[in-house]
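Chains A and E, in that order, are what the protein sequence lines are.
If you're matching positions, the first sequence starts at 1 in this note's numbering and goes up one per residue.
If you're matching positions, the second sequence starts at 1001 in this note's numbering and goes up one per residue.
Hints are computed from structural coordinates only; laboratory data are not their basis.
Please note that a few of the clues may not be correct.
Straight-line Cα separation of at most 25 Å, SDA-like style, residue types lysine to any residue; simulated pairs [unchecked claim]:
id : chain 1 : residue 1 : chain 2 : residue 2
1  : A       : 97        : E       : 1209
2  : A       : 209       : E       : 1149
3  : A       : 209       : E       : 1191
4  : E       : 1314      : A       : 186
5  : A       : 128       : E       : 1149
6  : E       : 1022      : A       : 187
7  : E       : 1155      : A       : 53
8  : A       : 209       : E       : 1250
9  : E       : 1128      : A       : 150
10 : E       : 1022      : A       : 151
11 : A       : 44        : E       : 1053
12 : A       : 278       : E       : 1155
13 : E       : 1157      : A       : 52
14 : E       : 1022      : A       : 290
15 : A       : 210       : E       : 1145
16 : E       : 1314      : A       : 92
17 : A       : 45        : E       : 1053
18 : E       : 1210      : A       : 40
19 : A       : 44        : E       : 1057
20 : A       : 155       : E       : 1096
21 : E       : 1278      : E       : 1222
22 : E       : 1022      : A       : 147
23 : E       : 1014      : A       : 145
24 : A       : 209       : E       : 1041
25 : E       : 1209      : A       : 145
26 : E       : 1155      : A       : 214
27 : E       : 1209      : A       : 146
28 : A       : 209       : E       : 1096
29 : A       : 155       : E       : 1100
30 : A       : 210       : E       : 1100
Protein chains: 2
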Amino acid sequence: MTDTIKVTKVAESKISDVDFSKLSFGTVFTDHMFVCEYENGAWKKPEIVPYGPISMDPSAKVFHYGQAVFEGMKAYKDDNGKIFMFRPEENFNRINKSSERLAMPAFEKDYFFDGLNTLLNLESDWIKPGNDNSLYLRPFVIATENGVSASPSSKYKFIIICAPAQAYYSGEVKVLFADQYSRSADGGVGFAKAAGNYAAQFYPTELAKKRGYQQVVWTDANTHEYLEEAGTMNVFFRVGDKLLTAPTSDRILDGITRKSLIELAKSEGIDVEVRPVKVSEIVEAAENGTLKEMFGAGTAAVISPICGFTHKDKEFDLPKLEDAYGARLKQHLTSLQANRAEDPFGWRYEVPSMTV
Amino acid sequence: MTDTIKVTKVAESKISDVDFSKLSFGTVFTDHMFVCEYENGAWKKPEIVPYGPISMDPSAKVFHYGQAVFEGMKAYKDDNGKIFMFRPEENFNRINKSSERLAMPAFEKDYFFDGLNTLLNLESDWIKPGNDNSLYLRPFVIATENGVSASPSSKYKFIIICAPAQAYYSGEVKVLFADQYSRSADGGVGFAKAAGNYAAQFYPTELAKKRGYQQVVWTDANTHEYLEEAGTMNVFFRVGDKLLTAPTSDRILDGITRKSLIELAKSEGIDVEVRPVKVSEIVEAAENGTLKEMFGAGTAAVISPICGFTHKDKEFDLPKLEDAYGARLKQHLTSLQANRAEDPFGWRYEVPSMTV
Chain A
1 MTDTIKVTKV
11 AESKISDVDF
21 SKLSFGTVFT
31 DHMFVCEYEN
41 GAWKKPEIVP
51 YGPISMDPSA
61 KVFHYGQAVF
71 EGMKAYKDDN
81 GKIFMFRPEE
91 NFNRINKSSE
101 RLAMPAFEKD
111 YFFDGLNTLL
121 NLESDWIKPG
131 NDNSLYLRPF
141 VIATENGVSA
151 SPSSKYKFII
161 ICAPAQAYYS
171 GEVKVLFADQ
181 YSRSADGGVG
191 FAKAAGNYAA
201 QFYPTELAKK
211 RGYQQVVWTD
221 ANTHEYLEEA
231 GTMNVFFRVG
241 DKLLTAPTSD
251 RILDGITRKS
261 LIELAKSEGI
271 DVEVRPVKVS
281 EIVEAAENGT
291 LKEMFGAGTA
301 AVISPICGFT
311 HKDKEFDLPK
321 LEDAYGARLK
331 QHLTSLQANR
341 AEDPFGWRYE
351 VPSMTV
Chain E
1001 MTDTIKVTKV
1011 AESKISDVDF
1021 SKLSFGTVFT
1031 DHMFVCEYEN
1041 GAWKKPEIVP
1051 YGPISMDPSA
1061 KVFHYGQAVF
1071 EGMKAYKDDN
1081 GKIFMFRPEE
1091 NFNRINKSSE
1101 RLAMPAFEKD
1111 YFFDGLNTLL
1121 NLESDWIKPG
1131 NDNSLYLRPF
1141 VIATENGVSA
1151 SPSSKYKFII
1161 ICAPAQAYYS
1171 GEVKVLFADQ
1181 YSRSADGGVG
1191 FAKAAGNYAA
1201 QFYPTELAKK
1211 RGYQQVVWTD
1221 ANTHEYLEEA
1231 GTMNVFFRVG
1241 DKLLTAPTSD
1251 RILDGITRKS
1261 LIELAKSEGI
1271 DVEVRPVKVS
1281 EIVEAAENGT
1291 LKEMFGAGTA
1301 AVISPICGFT
1311 HKDKEFDLPK
1321 LEDAYGARLK
1331 QHLTSLQANR
1341 AEDPFGWRYE
1351 VPSMTV
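If we strip away everything but chain A, and leave its shape as in the complex, we get (with noise of 0.2 Å):
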């Protein structure tokens, strides 16, 4: 137990209605969540209280001009009951970079660290064991300000909420590349974790949706030449059998789950490539059949394997392999997230044992 978070109980867990074996993505939450409260230019006390609506202004900013941000996280649980978290020094550093480019505040440290850990230990009964299985944890920041005059907040809410979860995507993903829509500008703000960011990309997806692709991959908007992020995935090109990914930059997110397999993937002595990457070159490479895979990189979906794209209406099969870099990457880093592999790098963060 900590003292810098109050923390409050619910009466009654609600575990026992919710079926593990069925989960939806990010739609059942646990008991509990985490709230700070940011007034007078500082984080007010932190607590842990049972998950449940919270009271907003209708003029609150988040409301009207979008300052909001967040982060995805997951924690494992092993055979012994241990939980861990995946470099949550990484999500701690990258929320606070996306707070700076949205005139938020930065979130304290301590808080942060004390109040995952407390709330995992709380809702422990909610991790289940297993690969596949994780609890999924949404910090997010919130503007809470009232008034419609477009400015910074000086309020927000700093709030943790966490929600069992399986495998991510289900079935066979189909990404179209492209070339009409965008994603982010040089020198705005799509290596953030801003939610405007999202919203901006459901209406292509949509479109890109009802053609048969779930996924867009962007390209970048001066061009469309380069190929870029998926919005909630990096994305990684197997040529021959040498990587492909994008380098971050102001418009693609700096991934957790992207930077890890390229070092992951190094040290099984894979050859990656940190380069912009052509279309031009992905579309010749399926043509002349050394592209061998496309996947996706993310904290939900750890690694999802594309099994063709679209560009400009041409349309492309990538072949199914029994040795896929993406399968054996994944089972490597879960594996490695969840206690059941070896750690060299220091990655995994074990959550320290505590009652609560």
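Place chain E on chain A using the hints.
Just chain E, lined up with the frame of chain A:
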């Protein structure tokens, strides 16, 4: 009284607590608000209820994915107590265009007009006569479905809140021409009044404020060579006796004040050119003395005269003119809006008087 809307009035108005001579923009709201909910593919019967907090699940999609759009409108009262809106159909069409781009449902025209008309009759005492007084109207739509999967919400709230307003900007406005940060990308959502567009501007605007500039004039993200808009205002430049403003695009908001000013200026015999405006030509005009005026145009500010600008550390002051276009057009437009000048354009909309 209309049958389409259920009205629940406050027991007692809070209007006597309000000092109408000291209003800070968008911070004081009237007694009532309009609320309409979308569910199962349809807008439900709207309600007018006492202004107050709304209850939101922490997983509501607006907090995570920024599905939120808004409008800014004003109501005016003439000396006979008649209430007017200015081109409200334009706001109706634009909020639906914004919604479409964010994969949100279009609102019903009847509900929009019946809602505004009923609300304005109810809040008539909050609208003070006089060119500088108005009731600022803020229709907005937010995604209310619970759940953190990144897809469009199936539930929304359309809300209208009202804030009595005086002049928006005070003092002299200096602006910075953007040469690093950007507001929007080709193929993006810059033309929409999407909440996320505003949060994205706060940080660069705060940096500009620290250097003594109240606003940033955004340039195109690709080259930073063309002047676009100021984020909460469109921008006009007077070079010699010619008025210049950028054409709308998928990066630039189709401002109602902007397009009204274009027509109004033409009707006054001013030569108006709507075409891409180069940074270099404005800098050159400032250097050779032909740049006579710059002003922003938007609903909140109407016209906001700009007294100077800086581009890449070169600072320029604008002359003070006796017969400025900005002041003249503002006087003309606000008089027209408040029924103190002829309206050959048919822009004024008289709110039908009703007993609520």
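Right, here's what the structure says about each hint:
no. : hint            : in the structure
1   : A:97 / E:1209   : holds (20 Å)
2   : A:209 / E:1149  : holds (16 Å)
3   : A:209 / E:1191  : holds (23 Å)
4   : E:1314 / A:186  : holds (23 Å)
5   : A:128 / E:1149  : holds (20 Å)
6   : E:1022 / A:187  : violated (38 Å)
7   : E:1155 / A:53   : holds (16 Å)
8   : A:209 / E:1250  : holds (22 Å)
9   : E:1128 / A:150  : holds (24 Å)
10  : E:1022 / A:151  : holds (19 Å)
11  : A:44 / E:1053   : holds (22 Å)
12  : A:278 / E:1155  : violated (39 Å)
13  : E:1157 / A:52   : holds (19 Å)
14  : E:1022 / A:290  : violated (70 Å)
15  : A:210 / E:1145  : holds (22 Å)
16  : E:1314 / A:92   : violated (39 Å)
17  : A:45 / E:1053   : holds (23 Å)
18  : E:1210 / A:40   : holds (20 Å)
19  : A:44 / E:1057   : holds (22 Å)
20  : A:155 / E:1096  : violated (30 Å)
21  : E:1278 / E:1222 : holds (13 Å)
22  : E:1022 / A:147  : holds (15 Å)
23  : E:1014 / A:145  : holds (21 Å)
24  : A:209 / E:1041  : holds (19 Å)
25  : E:1209 / A:145  : holds (20 Å)
26  : E:1155 / A:214  : holds (22 Å)
27  : E:1209 / A:146  : holds (22 Å)
28  : A:209 / E:1096  : holds (22 Å)
29  : A:155 / E:1100  : violated (30 Å)
30  : A:210 / E:1100  : holds (15 Å)
Consistency note: the structure conflicts with the earlier hints numbered 6, 12, 14, 16, 20 and 29.
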